[in-house]
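Participant: Read top to bottom, the protein sequences are chains X and E. Sequential numbering from 1 applies to the first sequence in the UniProt record's numbering. Sequential numbering from 1 applies to the second sequence in the UniProt record's numbering.
The set of hints was computed from the structure by calculation and includes no laboratory data. In this text, a Cβ means the ideal position worked out from N, Cα and C, and glycines have one as well. One should not assume that every hint holds.
In silico EDC-like pairs for lysine to aspartate or glutamate, Cα to Cα no more than 16 Å straight-line [what the hints assert, rightly or not]:
{"no.": "1", "chain 1": "E", "residue 1": "Lys72", "chain 2": "E", "residue 2": "Asp176"}
{"no.": "2", "chain 1": "E", "residue 1": "Lys106", "chain 2": "E", "residue 2": "Asp50"}
{"no.": "3", "chain 1": "E", "residue 1": "Lys26", "chain 2": "X", "residue 2": "Glu385"}
{"no.": "4", "chain 1": "X", "residue 1": "Lys157", "chain 2": "E", "residue 2": "Glu225"}
{"no.": "5", "chain 1": "X", "residue 1": "Lys26", "chain 2": "E", "residue 2": "Glu11"}
{"no.": "6", "chain 1": "E", "residue 1": "Lys157", "chain 2": "X", "residue 2": "Glu294"}
Computed from the model, here is a short list of chain X residues facing chain E with C-beta under 7 Å [claimed, not checked]:
{"no.": "7", "residue": "Glu21"}
{"no.": "8", "residue": "Met245"}
{"no.": "9", "residue": "Asn249"}
{"no.": "10", "residue": "Tyr366"}
{"no.": "11", "residue": "Ala367"}
{"no.": "12", "residue": "Gln381"}
Protein chains: 2
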Amino acid sequence: MSDFNLHSLEECLESHIPLNEYKEVKRILYGTTEDHVLNLPTAAISLAADYNFEIKAYGIPARKEEIRKPRKVRVGAIQNSIVLSTSAPIDKQREAIWEKVRIIIKAASAADVNIICMQEAWTMPFAFCTREKFPWCEFAEDAETGPTTKMLQELAKAYNMVIISSILERDTTHGDTIWNTSVVISNHGRYMGKHRKNHIPRVGDFNESTYYMEGNTGHPVFETEFGKIAVNICYGRHHPQNWMMFGLNGAEIVFNPSATVGALSEPLWGIEARNAAIANSYFTVAINRVGTEEFPNEYTSGDGQKAHRAFGPFYGSSYVAAPNGVRTPGLSRHRDGLLIAELDLNMCRQVKDFWNFPMTQRLPLYAESFQRASQLDFKPQIIREQ
Amino acid sequence: MSDFNLHSLEECLESHIPLNEYKEVKRILYGTTEDHVLNLPTAAISLAADYNFEIKAYGIPARKEEIRKPRKVRVGAIQNSIVLSTSAPIDKQREAIWEKVRIIIKAASAADVNIICMQEAWTMPFAFCTREKFPWCEFAEDAETGPTTKMLQELAKAYNMVIISSILERDTTHGDTIWNTSVVISNHGRYMGKHRKNHIPRVGDFNESTYYMEGNTGHPVFETEFGKIAVNICYGRHHPQNWMMFGLNGAEIVFNPSATVGALSEPLWGIEARNAAIANSYFTVAINRVGTEEFPNEYTSGDGQKAHRAFGPFYGSSYVAAPNGVRTPGLSRHRDGLLIAELDLNMCRQVKDFWNFPMTQRLPLYAESFQRASQLDFKPQIIREQ
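For reference, chain X alone in the conformation it holds in the complex (with noise of 0.2 Å):
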């Protein structure tokens, strides 16, 4: 059976549950009886349509407050395939990349986005998988000054929007340095700052580590015009203290610009940004790319199975997750697509309010305890039978 006989697993769902029950599986597995789908401006479904790409927009309501003004923003995450051949050369592959996006950040533009956000590493094909260096290092660009940020930084201030772009950096002040960074451009076009990411695996095709380390730039997070956000790249979805950490600076959206595999992470996708938005009373904004990438030489997976060229399929299905437990549809399995969510930054308070998760977090007890565990002599608190 093919991996990709559905196109979404909630098109799946909607289709063949009769309606009533339909309802109650939607509120127990996406926290609401029923989504609240956006109208879109005919320039964003014509470019969609023109374009081959999918296009879908959900509000996620708040409560209305007596004092403060509901605070509406509109967030974006695009995911997509590559372009060219990963044999093509470099610069070229990049561009058809850009070329790609930039029109799927003009859709979004005419859809009034505030903030979006591409895929992880969004400007090159996933290449760790091959473990070879070159020429894939010929990917990593200057954060500040490299030429993916300076593009964006027209987009950013042309369209009024805040962008979160996940490169491969190249940091020439420390030694040619390689980091797996996301770089923030504000919507006036200026240059934020980045985020490198925290946590690199060593799993499957994921071998990160041979590239880059962890991050040093610790769990900034980004006063922008339209919210205070985060970027918590991939692998980091996995460790809830990372996630906290954002948490605790304020974040009030974290991203997850993702690279990730079916066989590999599929049943974990729709569990942990979700959970990290509950658990920190923020939004969350899951994003993975789609296709398969090909590979000029063959490279082996550390499974025990033959050497093969291809890697994927990425698995898309970009959500947006709120902090009282309710998401969005995915974005498709297979397609490139743009999700757009509207947000009432205010709901991040009301759920802080109502469910108290930072006021009995007992951090204290945590810093103590982690810093305990830390310790080479650490006893763990085990109780035996007398």
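Starting from the structure of chain X, add chain E where the hints point.
Facilitator: Quick look at chain E alone, frame taken from chain X:
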């Protein structure tokens, strides 16, 4: 539309979705294309039929290793409604629940269960919604020498079964303090120790901070003959750092005895304990009560609605989640039930070796970050546009 059209989410999905698509849905939502249903002995099935409770049993297979033998253990989770009216004498109410649950434990024994766990505060109605101290505090008993522990010690010994019993505890050594406590009894009938609920809710009808304080027993792991187990009581499941400390202390199975109602938490239920299993490379067992409980006096719920006497429905749906993301179907949303899962504890280390979550968790970073975030003059790491 009634909240209770659905007997179980899983049965609904299975009955409506065509088989080829169902397998993909099941894989994405439950981590496995099909459940491994275990055969049960007639004695267990007959008890379930005679006493009107659901009984389900699943295996969660692990990889075969060369050096270690499989470490198979059968865990049981009991969900149940109360028996007598909440206005009946306290000791009669308790005895009636004992009587019901003893039968279910007997069925578990017939099915070779090694470790069993009842729901939170299993000997009583979940009366904390009322904010009344009398008569509910009379349910509290000594963890080590109280009547419930004594009663269960006999069963544990007779059935060679570890029993986790969550009760309202009265600590006469410390000023008659009341606690929400889980008692662990060994399969030899010995009192091993106790754990007091670490995080106490102040939300909706869960006015528990009126009755007891945050636990002072840390994150103990009980090294039983069948594996290293811990208990994360109810609201503690919303706190990833709480789950994490049980993992750092070496837990292989963490039970989450709970009491929670549909409108409040049902969309979160399938997420949190399962995320904990994934993030910490251990098994989790999430247990919720069923039924609606009527109290003698009206009470209000702090939600602007009229005073009322009913609390519920509690939605059951108890389930087991594995470190690799696989989960069992849930028990019914409204019937008493016994869920049995046969686990191979070797999976915990296998998943750690595969995913490397402990190796990549950067504990010292978070010990220090949490320490800073605990300070009164904490300055969050905020980056503003220059």
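Participant: Are the hints correct? Go through all of them and say.
Facilitator: Hint check results:
Note on Lys72 (chain E) and Asp176 (chain E): the hinted pairing is violated, with a Cα-Cα distance of about 41 Å set against a maximum of 16 Å. Proximity of Lys106 (chain E) to Asp50 (chain E) is assessed by CA-CA distance (about 13 Å); at most 16 Å being required, the pair is judged to hold. Under the criterion of a C-alpha separation no larger than 16 Å, the hint pairing Lys26 (chain E) with Glu385 (chain X) is inconsistent with the structure, at around 40 Å. Simply put, Lys157 (chain X) and Glu225 (chain E) have alpha-carbon atoms about 64 Å apart, too far for the 16 Å limit, and the pair is violated.
Straight-line distance between C-alpha atoms of Lys26 (chain X) and Glu11 (chain E) comes to about 14 Å, which keeps the hinted pair within the 16 Å bound. For the given pair, Lys157 (chain E) sits about 60 Å from Glu294 (chain X) by alpha-carbon distance, which is inconsistent with the 16 Å threshold. A hinted interface residue such as Glu21 (chain X) counts as satisfied when its beta carbon comes closer than 7 Å to some beta carbon of chain E; here the least separation is about 5 Å, so the hint holds. About 5 Å separates the beta-carbon of Met245 (chain X) from the nearest beta-carbon of chain E, less than 7 Å, and the hint is met.
Interface restraint check: Asn249 (chain X) against chain E, minimum CB-CB distance 4 Å, threshold 7 Å, status holds. Hint status for Tyr366 (chain X): holds, given a least beta-carbon distance of 5 Å to chain E, under 7 Å. Using the Cβ-Cβ criterion of 7 Å, the hint placing Ala367 (chain X) at the interface with chain E is satisfied: the shortest such distance is roughly 4 Å. Hint on Gln381 (chain X) holds. Least Cβ distance to chain E is approximately 5 Å, under the 7 Å limit.
Of the numbered hints given earlier, the model fails hints 1, 3, 4, 6; all others are met.
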